[in-house]
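Novice: In the numbering used here, the protein residues as written are 1149 to 1427.
If you are wondering where the hints come from, they were derived from the structure by calculation, not from laboratory data.
Even for Gly, the Cβ is constructed at its ideal location relative to N, Cα and C.
Be careful, since some hints might not be right.
[What the hints assert, rightly or not] Below, simulated BS3-like cross-link-like pairs (lysine-lysine); rule was C-alpha separation at most 30 Å, straight line:
| no. | residue 1 | residue 2 |
| --- | --- | --- |
| 1 | K1170 | K1152 |
| 2 | K1284 | K1351 |
| 3 | K1222 | K1158 |
| 4 | K1313 | K1408 |
| 5 | K1267 | K1204 |
| 6 | K1313 | K1198 |
| 7 | K1271 | K1238 |
| 8 | K1284 | K1313 |
| 9 | K1262 | K1287 |
| 10 | K1222 | K1287 |
| 11 | K1267 | K1347 |
| 12 | K1203 | K1219 |
| 13 | K1324 | K1347 |
| 14 | K1170 | K1219 |
| 15 | K1262 | K1222 |
| 16 | K1352 | K1152 |
| 17 | K1351 | K1364 |
| 18 | K1409 | K1324 |
[Claimed, not checked] Listed next, with one range per pair, are the computed distances between beta-carbon atoms:
| no. | residue 1 | residue 2 | range |
| --- | --- | --- | --- |
| 19 | V1274 | V1208 | 27 to 33 Å |
| 20 | S1401 | R1299 | 22 to 28 Å |
| 21 | N1362 | V1274 | 38 to 44 Å |
| 22 | K1352 | E1389 | 35 to 41 Å |
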Amino acid sequence: MLIKEYEQYKSVYCSLCRKMRKRYGILSVSILSYDVTFFCMIASGIFDLKPCVEKKLCVVNPFKKCNYCTKLDKALDLGADLSVLSFYYKLFDDLADESFFKKALCILIMTYAKHIRKKAAIKNPVFDDIISNVPKMQKIAETRYVDSIDRCAHPSALMLENIMKTLAQNSEDRKKYSDFGYALGRWIYMADAFDDLEKDIKKKNFNPFINIFNLKSVDQIYDVREECNEILNSSAAQVYEAYNLIDLSTFNSISDNIVKKGLRNVQKELYNKYKTGEK
1149 MLIKEYEQYK
1159 SVYCSLCRKM
1169 RKRYGILSVS
1179 ILSYDVTFFC
1189 MIASGIFDLK
1199 PCVEKKLCVV
1209 NPFKKCNYCT
1219 KLDKALDLGA
1229 DLSVLSFYYK
1239 LFDDLADESF
1249 FKKALCILIM
1259 TYAKHIRKKA
1269 AIKNPVFDDI
1279 ISNVPKMQKI
1289 AETRYVDSID
1299 RCAHPSALML
1309 ENIMKTLAQN
1319 SEDRKKYSDF
1329 GYALGRWIYM
1339 ADAFDDLEKD
1349 IKKKNFNPFI
1359 NIFNLKSVDQ
1369 IYDVREECNE
1379 ILNSSAAQVY
1389 EAYNLIDLST
1399 FNSISDNIVK
1409 KGLRNVQKEL
1419 YNKYKTGEK
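Could you put the whole structure together from the sequences, leaning on the hints where they help?
Specialist: What follows is the structure, encoded as structure tokens:
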């Protein structure tokens, strides 16, 4: 990514941070993510928003100035809502799956999470309805289809498909955005599963790759990492194909970089992560 593009990306991130504080309070800035920043850039390109950059005091550090993008409110509002709702339902899901200490932390945070989730659900009931269904669907998928990574990835893929669908103004665009959202959500689930493989084997957590390749120990990961990477390659190809059909008027070069190079770089890091069993 070029320095100019990085500065643009950072300005959108800082703009989302400011929007989070305004919409949900100062504590909400702690749940910011790069994934939602990317969503805001995609939404800005779809909505044909033209950002103007202004330098203002940082939301977190009052002794620092940051670049902020104005005129992106339509996209940033959606990004702030998405951040809050994703955080709440992920936290709610973690209560059932994490260790005792992580559960205790989740319980401490839950009161605040419920508060901002209630506000987000009022502001954006569509996103709340889409995201609230995912934990239950995910649990069902990971119980019934333990040997199918496609089935297990479906709830996450469907969530992003439905979120992207809300950005469309006509049926043609709805199909294109839906396909891109589904493909990207599917790839994200698979990449997370590959990333968590070592941890899940040690903790005996569910992971579709464990069942597909009948993995019993961490040392076996090296032997199947090529096949795992091929599964991700196939999924990434569908992301590229769907993304190429979308017309973005803003941040298109940055979005190109994230999709076409970012996914490949993530896979490379995951592939190289599992060298412990190399002979």
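Novice: If a hint holds in the structure, say so; if it does not, say that too.
Specialist: Now for the hints, and whether the structure bears them out:
With a C-alpha separation of about 27 Å, the suggested pair K1170 and K1152 falls inside the 30 Å cut-off, and the hint holds. Using a Cα cut-off of 30 Å, the hinted pair K1284 and K1351 holds, with the two alpha carbons roughly 22 Å apart. The straight-line distance between the Cα atoms of K1222 and K1158 is roughly 18 Å, inside the 30 Å bound, and the hint therefore holds. For the hint pairing K1313 with K1408, the CA-to-CA distance comes to about 22 Å; that is within 30 Å, so the pair holds.
Restraint check for K1267 and K1204: satisfied, since their Cα atoms lie roughly 27 Å apart, inside the 30 Å limit. Taking the CA atoms of K1313 and K1198, the gap is about 22 Å. The hint holds against a cut of 30 Å. Between K1271 and K1238 the CA atoms are separated by roughly 19 Å; this keeps the pair inside 30 Å, and the hint holds. Simply put, K1284 and K1313 have alpha-carbon atoms about 21 Å apart, close enough for the 30 Å limit, and the pair holds.
Under the criterion of a C-alpha separation no larger than 30 Å, the hint pairing K1262 with K1287 is consistent with the structure, at around 21 Å. A threshold of 30 Å between alpha carbons decides the hint, and for K1222 with K1287 the separation of about 33 Å lies outside it, so the pair is violated. Of the supplied pair hints, the one linking K1267 and K1347 is violated, its CA atoms being roughly 35 Å apart against a limit of 30 Å. Restraint check: the Cα-Cα separation between K1203 and K1219 comes to about 14 Å, which is no more than 30 Å; the hinted pair holds.
Note on K1324 and K1347: the hinted pairing is violated, with a Cα-Cα distance of about 36 Å set against a maximum of 30 Å. Distance hint between K1170 and K1219 is fulfilled; the C-alpha atoms sit about 15 Å from each other, no more than 30 Å. For a cut-off of 30 Å, the pair hint linking K1262 to K1222 stands: about 24 Å separates their Cα positions. Simply put, K1352 and K1152 have alpha-carbon atoms about 45 Å apart, too far for the 30 Å limit, and the pair is violated.
At roughly 12 Å between alpha-carbon atoms, K1351 and K1364 fall within 30 Å of each other, so this suggested pair holds. Distance restraint check for K1409 and K1324: the Cα-Cα separation of roughly 21 Å lies within the 30 Å cut-off, and the hinted pair is therefore satisfied. Between V1274 and V1208 the beta carbon distance is about 30 Å. The supplied range of 27 to 33 Å therefore holds. As the Cβ distance of S1401 to R1299 is approximately 36 Å, the hint placing it in 22 to 28 Å is violated.
Separated by about 41 Å at the C-beta atoms, N1362 and V1274 satisfy the suggested range of 38 to 44 Å. Restraint check, K1352 to E1389: a C-beta distance of roughly 37 Å satisfies the suggested window 35 to 41 Å.
Of the numbered hints given earlier, the model fails hints 10, 11, 13, 16 and 20; all others are met.
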